Amino acid sequence: QSEALELLIKSQAEQIRQLTEANAKQAEQLTNLQQEVDKLLSQIAWFTRQFYGRKSEKLSGLDPNQLNLFETPQDERKRLEEIEAERIAAEKKIEASTADRKKTRSNRKLLEGLPVIEVVIEPEDVDRDKYKRIGEERTRTLEFEPGKLYVKEIVRPKYGLKDNLIPSTEETPAVIIAPLPLLPIYKALPGASLLSEIMLQKYEYHLPFYRQIKQFHHLGVKIPANTLSGWFKPTCELLSPLYKALKKEVLDTDYIQVDETTLPVINKDSHYAKKEYLWMVRSVMKKLVFFHYDEGSRSGETACSLLKSFEGYLQSDGYGAYNVFERNDKVCLVACMAHIRRRYETALDENKTLAEYALKQIQQLYRIERMADEQNLSFDERRKKRNELAGPILLS
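Sequential numbering from 1 applies to the sequence shown in this note's numbering.
Honestly, I wouldn't trust all of these hints.
What the hints assert, rightly or not - Below, in silico cross-link-like pairs of lysine-lysine (DSS-like), each with a Cα-Cα straight-line distance of 27 Å or less:
{"#": "1", "residue 1": "384", "residue 2": "360"}
{"#": "2", "residue 1": "330", "residue 2": "287"}
{"#": "3", "residue 1": "384", "residue 2": "287"}
{"#": "4", "residue 1": "247", "residue 2": "233"}
{"#": "5", "residue 1": "130", "residue 2": "202"}
{"#": "6", "residue 1": "109", "residue 2": "152"}
{"#": "7", "residue 1": "152", "residue 2": "132"}
{"#": "8", "residue 1": "233", "residue 2": "268"}
{"#": "9", "residue 1": "308", "residue 2": "286"}
{"#": "10", "residue 1": "330", "residue 2": "39"}
{"#": "11", "residue 1": "222", "residue 2": "287"}
{"#": "12", "residue 1": "244", "residue 2": "233"}
Claimed, not checked - Per label pair, the in silico range of CB-to-CB distance:
{"#": "13", "residue 1": "352", "residue 2": "13", "range": "47 to 53 Å"}
{"#": "14", "residue 1": "296", "residue 2": "230", "range": "41 to 47 Å"}
{"#": "15", "residue 1": "21", "residue 2": "47", "range": "54 to 60 Å"}
{"#": "16", "residue 1": "352", "residue 2": "393", "range": "28 to 34 Å"}
{"#": "17", "residue 1": "297", "residue 2": "126", "range": "56 to 62 Å"}
{"#": "18", "residue 1": "261", "residue 2": "238", "range": "54 to 60 Å"}
{"#": "19", "residue 1": "135", "residue 2": "267", "range": "50 to 56 Å"}
{"#": "20", "residue 1": "300", "residue 2": "383", "range": "27 to 33 Å"}
{"#": "21", "residue 1": "396", "residue 2": "318", "range": "57 to 63 Å"}
Since the hints were derived computationally from the structure, they do not count as laboratory data.
These numbers were taken from a predicted model, which means no experiment stands behind them.
Virtual Cβ for every residue (Gly too), placed ideally from N, Cα, C.
Sequences are here, hints too, so could you generate the full structure?
Below you can see the structure in the form of structure tokens.
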């Protein structure tokens, strides 16, 4: 009887052990299922918010001007190069003099009816008493001032020695004429003021070329689309040194903000717009910005190539492409409070109590920043104010 009782106890103990293990496994499965349910509920809340809820949000400290600045198609450079190559090939088939006469006639027709401002440039550092006027050379450029187009005609009088018996020397050449001022585009019609207006309208006011052509038409000049496009490439090349200097100035600072924004790029063959990316790099201390386009790429390789010379604090939205800098001991990655706030704002549907608490704390941080702005605090004063007021909030 004692042995039977002992066997019964062992049997019940084994059953208890098995039941305990089964309960543990079921508890683990229940936990995993609950996590999956929470994940799905979070996704449902997000989709519900996108379809029926408020999508906009007010984010302090963000510069809305960083978006939609460039509208240049991806293949526009290649297309303009093809246009330039075709133009050069065509010029080789005809005599230069014939081409010049044709171009002169075309420009003359284009400029008909416009007001003309004449600018006379006389030769300098010569004894004009020894010379007589024997002719002149005229160069016309199309210029712009607000509300009108006009022609600037550069007149350069040509002089020859009065006494043909005087030998020609470097000091007294047989014929003298003032040098032609440098033109933005060699042997092209547009002056600097017109090219500046075209670039300003395109990049500051986002006005595409076909709309600018309509504006110029209203001002009295019918500029062909391929002509305006042909002016664009050499103008960009003129601005290239300025862009490189701006880029160096920004990357030489020790605190920058970097972001990427979508850019619709039209394929010239399919005529469909493809979503690509444009990079923005901003120097916080100097308040300078430059933009970078790498065939629409948003990759870590592009980030490395773009910021390879930078050393200091790099602030971003936490996009994975910036993780490559975690291995760079000369770069310190900094998060963005606006993007942190956005996460909590999204979480309101899931855990309103905790999300509202976090949002209120962030609101206090923004109030401190507004106060510093209103008081026009210097960088050092702002740092002290942050340590005094914002530090305890972040550590709480």
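If you test the structure against every hint from before, which numbers come out violated? Hint check: 5, 10, 11, 14, 15, 16, 18 and 21 fail, others pass.
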